[in-house]
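Chain by chain, the residues run as shown.
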Amino acid sequence: MQIPIETFRLANGLFVTLSEDHTAPLVAVNLWYHVGSANERPGRTGFAHLFEHMLFQGSASVAANEHFEFVQRAGGTLNGSTWLDRTNYYETVPSNQLELALWLEANRMGYLLPAMTQQKLDTQRDVVQNERRWSMDNQPYGTWWERLPALVFPASHPFHHSLIGSMSDLDAASLDDIAQFFTTYYTPDNAVLSIAGDFDPVEVRTMVERHFGPIPRGGTKPALPDMALDSTLGGPVREVVADDVVLSRIFVAMRSPVFGSVEYYAASIAGAILGLKKGSRLHRGLVRERQLAAEAQAFTYDLTKGSDLLVLDVTARPETSSEQLERAVHAELDRIQAEGVTAEEVARAITLIETDLFVSLQSAGDRADKLSLFATYFGDPSLVNVQAERYREVTVEQVNAFARERLGPDNRASLLFVPREMAELASSNELTESGVR
Amino acid sequence: MTDASTSESTSARATVSAPTPRPGPTAPRSYSFPRFERMTLSNGMRLVVAPVAKLPLVTVSAVVDAGAAAEREGEEGVASLTAQLLLEGAAGLDGAALADRFERIGAAADAHADWDAATISLTALTDRLPEALSLVRDLLRAPEFPEREVVRLKDERLAEILRLRAEPGALADEQFDRATYSPTARYAWPAGGTAASVRALTRDLIRTFYSQHYQPGATTLVFAGDVTVGDAVALAESLFGDWSGEALRDVPRPFDTAPRTGVVRVVGKADAPQSEIRVGHVGLPRKHPDYFDAMVMNAILGGLFSSRINLNLREAHGYTYGAFSAFEWRRAAGPFTIHTAVKSDVTGAAVREILKEIDGLRAAEVSNDELTLATSYLDGVFPIRYETTAAIATALSNLVIHGLPDSYYDEYRERVRGVTPGGVLRAARQHLHPDELRIVVVGDPTVISTPLAEATGAPVEVVNPDGVETTA
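These protein sequences, in sequence, are chains A and B. For the first sequence, position 210 (counting from the first letter as 1) is numbered 190 according to the numbering used here, and the numbering increases by one without interruption. Plus 1058 on top of the position in the second sequence (first one is 1) and you've got the numbering used here.
Just so you know, the hints here were simulated from the structure itself, not pulled from any lab data. These figures come from a predicted structure and were not determined experimentally. There may be inaccurate statements among the hints.
No farther apart than 25 Å at their CA atoms in a straight line, the calculated lysine to aspartate or glutamate pairs in the DMTMM-like style are these [said to hold, decoys possible]:
{"id": "1", "chain 1": "A", "residue 1": "Lys258", "chain 2": "A", "residue 2": "Asp314"}
{"id": "2", "chain 1": "B", "residue 1": "Lys1212", "chain 2": "A", "residue 2": "Asp106"}
{"id": "3", "chain 1": "A", "residue 1": "Lys258", "chain 2": "B", "residue 2": "Glu1205"}
{"id": "4", "chain 1": "B", "residue 1": "Lys1401", "chain 2": "A", "residue 2": "Asp390"}
{"id": "5", "chain 1": "B", "residue 1": "Lys1414", "chain 2": "A", "residue 2": "Asp224"}
{"id": "6", "chain 1": "B", "residue 1": "Lys1414", "chain 2": "A", "residue 2": "Glu46"}
{"id": "7", "chain 1": "B", "residue 1": "Lys1112", "chain 2": "A", "residue 2": "Asp346"}
{"id": "8", "chain 1": "A", "residue 1": "Lys258", "chain 2": "B", "residue 2": "Asp1417"}
{"id": "9", "chain 1": "B", "residue 1": "Lys1414", "chain 2": "B", "residue 2": "Asp1502"}
{"id": "10", "chain 1": "A", "residue 1": "Lys257", "chain 2": "B", "residue 2": "Asp1196"}
{"id": "11", "chain 1": "B", "residue 1": "Lys1414", "chain 2": "A", "residue 2": "Asp102"}
{"id": "12", "chain 1": "A", "residue 1": "Lys258", "chain 2": "B", "residue 2": "Asp1185"}
{"id": "13", "chain 1": "A", "residue 1": "Lys257", "chain 2": "B", "residue 2": "Glu1214"}
{"id": "14", "chain 1": "A", "residue 1": "Lys257", "chain 2": "B", "residue 2": "Asp1185"}
{"id": "15", "chain 1": "B", "residue 1": "Lys1414", "chain 2": "A", "residue 2": "Asp106"}
{"id": "16", "chain 1": "A", "residue 1": "Lys100", "chain 2": "A", "residue 2": "Asp180"}
{"id": "17", "chain 1": "A", "residue 1": "Lys258", "chain 2": "B", "residue 2": "Asp1502"}
{"id": "18", "chain 1": "A", "residue 1": "Lys258", "chain 2": "B", "residue 2": "Glu1189"}
{"id": "19", "chain 1": "A", "residue 1": "Lys201", "chain 2": "A", "residue 2": "Asp349"}
{"id": "20", "chain 1": "A", "residue 1": "Lys257", "chain 2": "B", "residue 2": "Glu1207"}
{"id": "21", "chain 1": "B", "residue 1": "Lys1345", "chain 2": "B", "residue 2": "Asp1464"}
{"id": "22", "chain 1": "B", "residue 1": "Lys1401", "chain 2": "A", "residue 2": "Asp224"}
{"id": "23", "chain 1": "B", "residue 1": "Lys1401", "chain 2": "A", "residue 2": "Asp223"}
{"id": "24", "chain 1": "A", "residue 1": "Lys257", "chain 2": "B", "residue 2": "Asp1172"}
{"id": "25", "chain 1": "A", "residue 1": "Lys257", "chain 2": "B", "residue 2": "Glu1189"}
{"id": "26", "chain 1": "B", "residue 1": "Lys1414", "chain 2": "B", "residue 2": "Glu1519"}
{"id": "27", "chain 1": "A", "residue 1": "Lys100", "chain 2": "B", "residue 2": "Glu1207"}
{"id": "28", "chain 1": "A", "residue 1": "Lys258", "chain 2": "B", "residue 2": "Glu1218"}
Could you build the full structure based on these sequences and the hints that come with them?
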């Protein structure tokens, strides 16, 4: 299945991708800025995400609350999200409201700062600090997504620190930071605009040129430090966290080939063999057969620089000790590393992934987001059309080579959450190469 | 990315020209909810088929009148367990083999029961549909309920109950239901059952529940996607045409939605950095004649990002990451609930603002501007809701579950646009009950009990996660 794709670039550097589909009278507008938490300076963790919130607080022609209100009144949906290496903003609107969505995005790309006030910043700081409490601090296991990257990336690496940010760094964020970040990163030459759905390809160019064309390009962006990392951690890493939980849960993160590389697809298939749906090894072995675990899954971060992460996430049954859980998950990794996978397992993984790829192309919003993704990371949105093929090309030998190289004990960072009362016991039973395994 | 254009590079933004003016909409293009046809096989099994040939994908859902509302007293959780166990052994294949068969064709199946129905659904590439549906036939017609899997899924449900207990938001939801409905009411307890009711379930009870409810006359097969009506009917006829049996007709017990008496309850969580707040009461059944007025009223109160409650608690006060309200639309009267999580030290203030917003909506008509913000959103977003085969199948399943007319989705937008400020005010006055509100907060009792008592003027009861009262 191929989706149609056109691209063009404005004189100010804005890269635009288009994908027509007239099935329904709706259109998605999706803007990726190539900036994320990795670009934050020391003492400002969480700033990229706080900044994302500020982009919904109005701009020169848009009063506070009006950004949401205009889109909502037009019958559209909208949101934004921040990731380690990018931030996105998106709307899906009835197709006769396309120009409104483009105008809103252009107005905040070009004219955000006049609308910024201390009061808005203070309120959104409170909102974001409550988001941190809600998603992490008051959530069982919630700190995993702050702790895991910290285990796998060295302290000097841009992916090491917290995306949501520390409370004190959030407290320190100022209007000057807003102005500096905006001027540096929120420029047309650091963005990709994707439009998918029901539009006229000639009219849409005029609209994009009209609203985004006058925005000047940015200056030089500060270079990120060297992202390169060794392909493995160089030895087992382990952290035990006592938490307000009843069931133990383990995350095991492994450095894996970056998204887009040939080896990435083999890694992704290895992850699917281990933890995608009920036919996966972790579900079959630990949930169904041995009944040690209540839930099991695997996923990748899909990072394109330095190293990607392949993560296993397994939650214990109440009667399973954290030690049993940890040993069982590592044993599955030992087995795949030593013995490899079968052709049937690879075929199952590819078929499931392929169906998911199709399913995810159904909505205009998802299409536009994928176009922006491939355009931002690789400069080539048409890569969206070859993903299924990339997966189908993967061989058993490639998966086995990945497993041999990357799934050994020297490349495993284990983050183990244990009920508080069991915590002391767990941390005293350190796993060693010669001991437990 | 590198830039290949030749325009001059400017380093400052000082030279930006004036912003472009806000454009208006162009003429809207018409939209219709996908056309669908309904048929009944000779054995009473019904079909709903919506051919949508956008991508080579089909979603199939088998909707069975076998939800938690069909359970007998003392068997809470049997509906959910029965649905899940369909995937754990059928027609001579064990659960692992079934998972393998589905996943090898890329069509992982989901089976679950909620309040009003059990649903087995999957999305498959079009050319895999016959194989996928023949597996669905095996699940529906020849499940085996192996004893080992019965025990395992019971244990997994018990583990889930423990996991949810540790999540402040889930705990608040559970305790809110218990505070809202009388203990005799099914809705007071989770659809998946309690630890005690799940422990008591047996293979025999599950088999009995299956044979009473999983029958052709109680089942509708919904197709949405790249399939013709003719192909869908032929496939259904060949796989299900010879399925016979009668579903249990009598309702096992009158469905009780009796409310509890009012209460402000704190579920203690020492040192909690945030309070999970639930405020509400028994709401309305799905087929209530005021459905559209009540839905739009809720959108204005707390249903949308730009609702009164969210703009107040989040955007004006910064108390929370988000606050919203919802009617849970079930066949019988489900709860109406306002949900939010706020920093502990503003718990009393947040509840006071919530109560103020409820009173405000009951006091005076909303402006036309505020009304149309909600109605034009609900009207405009309608096509966006049905972009995927799975979303269309869910919408058609809801027609079946709630007995809505075939014209329902064609009339939806007009009904929304027809809601008036007077209708919203009537709905607020008739269906929001300030004197019947239950307030449940999971948080630190030492920080929030006194502010909650002050905000509500009511005594505050402090309970542990089991709902047992502790010293206040």
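Check your understanding: Which of the listed hints are not met by the structure?
Key -> The structure conflicts with hints 2, 4, 5, 8, 16, 17 and 27, although it agrees with all the remaining ones.
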